[in-house]
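Visitor: Protein chains in written order, with the working numbering: chain A, 1 to 139; chain G, 1001 to 1139; chain D, 2001 to 2139; chain V, 3001 to 3139.
Hints are computed from structural coordinates only; laboratory data are not their basis. It is possible that part of the hints are untrue.
[Unchecked claim] As a list, the in silico DSSO-like pairs of lysine-lysine whose alpha-carbon atoms are at most 30 Å apart:
hint, chain 1, residue 1, chain 2, residue 2
1, G, K1111, A, K111
2, V, K3046, D, K2047
3, A, K111, A, K46
Predicted model only: the values in this text are computed from it and were never measured.
There are 4 protein chains.
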Amino acid sequence: MTPFLTRIVRIEWGQCDPAGIVYAPRFLDICGESTILLFEAAGLPKKRDMLGQLHVAGFPMVDLSARFLSPCTYGDDVSVETAAPVFGNSSFTIDHRIVLDGRTCVECTEKRVWTVPAPDRPGGLRSARVPDAVRILFA
Amino acid sequence: MTPFLTRIVRIEWGQCDPAGIVYAPRFLDICGESTILLFEAAGLPKKRDMLGQLHVAGFPMVDLSARFLSPCTYGDDVSVETAAPVFGNSSFTIDHRIVLDGRTCVECTEKRVWTVPAPDRPGGLRSARVPDAVRILFA
Amino acid sequence: MTPFLTRIVRIEWGQCDPAGIVYAPRFLDICGESTILLFEAAGLPKKRDMLGQLHVAGFPMVDLSARFLSPCTYGDDVSVETAAPVFGNSSFTIDHRIVLDGRTCVECTEKRVWTVPAPDRPGGLRSARVPDAVRILFA
Amino acid sequence: MTPFLTRIVRIEWGQCDPAGIVYAPRFLDICGESTILLFEAAGLPKKRDMLGQLHVAGFPMVDLSARFLSPCTYGDDVSVETAAPVFGNSSFTIDHRIVLDGRTCVECTEKRVWTVPAPDRPGGLRSARVPDAVRILFA
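With the rest of the complex left out, here is chain A (with noise of 0.2 Å):
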């Protein structure tokens, strides 16, 4: 995996449990974040701004799948390195792996459908082709 963005992000106590470890979907909201900054380090305007500048509604997660494969605790300064989307039609998947001191701790792989307003129903969603201005800031 060849990261497009890097980021390094402070374990917090509050995302620990009482085992002293990240409790395991806060990693997933960790990855969440950075598929939002990834579209953002790519050029795109911020998520809020999106619907209006670009018609996207959201990009809901419709597939997960992740492995945790050493613990982190807080106070860790983890680096979480994010691969460039692969677009399918509608849909995309993207690849995070949380580092630690050079050992991969979590890997993670989202897929996400692109989603427009529907134009038939108020604040209905349907899924859209990924427009090609945005599949070249990752080509």
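Position chains G, D and V against the provided structure of chain A, taking the given hints into account.
Guide: Same frame as chain A, but now just chains G, D and V:
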């Protein structure tokens, strides 16, 4: 304090920190949810249906105070007691108490504001007097 | 999937994101708590009492996969169905299904490892074969 | 208030609620983490190393108050400003302020207690006078 709503909540592993006790902000999640359930218990529609049926957009928190008197841990089945709101004009306060085996563990007071859509700004909110139809439910 | 444990969970406002639906990692909090309750429902002591009574230190997650088929929103009372564990030697997998009005919204499979205190390292853990006394509870 | 520690925090999608703004308890997660970083910034070891090096078991929250003056949303890069602790004997208070574009959004005051292992009860804690070696770091 006379409870208007009492519910039993199981403290979860994922709500506890490396000290093995509830991470303090999680208690405020529990109280905040009791506020929502309080209105529902009084006979109002579910919060998600309030905008359509009651013209209320929400009741954001403006002030919070809490005392943490005794810790709770995962597996505890605590009693969350919530008093009827004390109404001002557009604001109201709600008292919560979290009790375990007759011992008060947390006392929390929320102050919130009744808000409705602002007619002049799309997506905007403004505070509004709490309707008499709501006040009477707790009288 | 035949559920061994079914519980009704109210989806909370604080578990939902700006799209108005459950933020995906929160579903995994719900499933993880069901895993804990599953062992308790089978007759084992509460998780916090397991170390003393069963010599088990925990069962950390090593692998997770989930499919998000249909969204849930705050106020939904979902049914969380959890199957009996499928035991390997020291690992086991648990299937969860979150259902709303007969429609499956989430499918999740957790793989966890049975761990006990490592005698040679204070605070250390090692994996161990799941005891027959535990297996028999789900047979 | 004179900040002793200031850090920039990106507000995450997963910290915001269906109203599109930060769910109030999440602000308290942010402040609580700043308290931990405050001690580290003052020159103390990481919290996880404190028990071994400083004989301190933790500093649980006993009292919390917060005012929510202006909302924040995902994508906001807020400034979290934290003042030096004000020490009593075994307790101390810490003021936090969350600022966006020069506007104070949240004011929060935490009261915590310095605790050490209780010699007579395994796993037990008791409050203790904050050591002079800690006080002097903020003088």
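Visitor: Hint by hint, say whether it matches the structure.
Guide: Cross-check of the supplied hints:
1. G:K1111 with A:K111: Violated, at about 40 Å.
2. V:K3046 with D:K2047: Status holds; Cα separation ~29 Å.
3. A:K111 with A:K46: 20 Å, holds
This entry does not satisfy hint 1, going by the numbered hints stated previously; all others are met.
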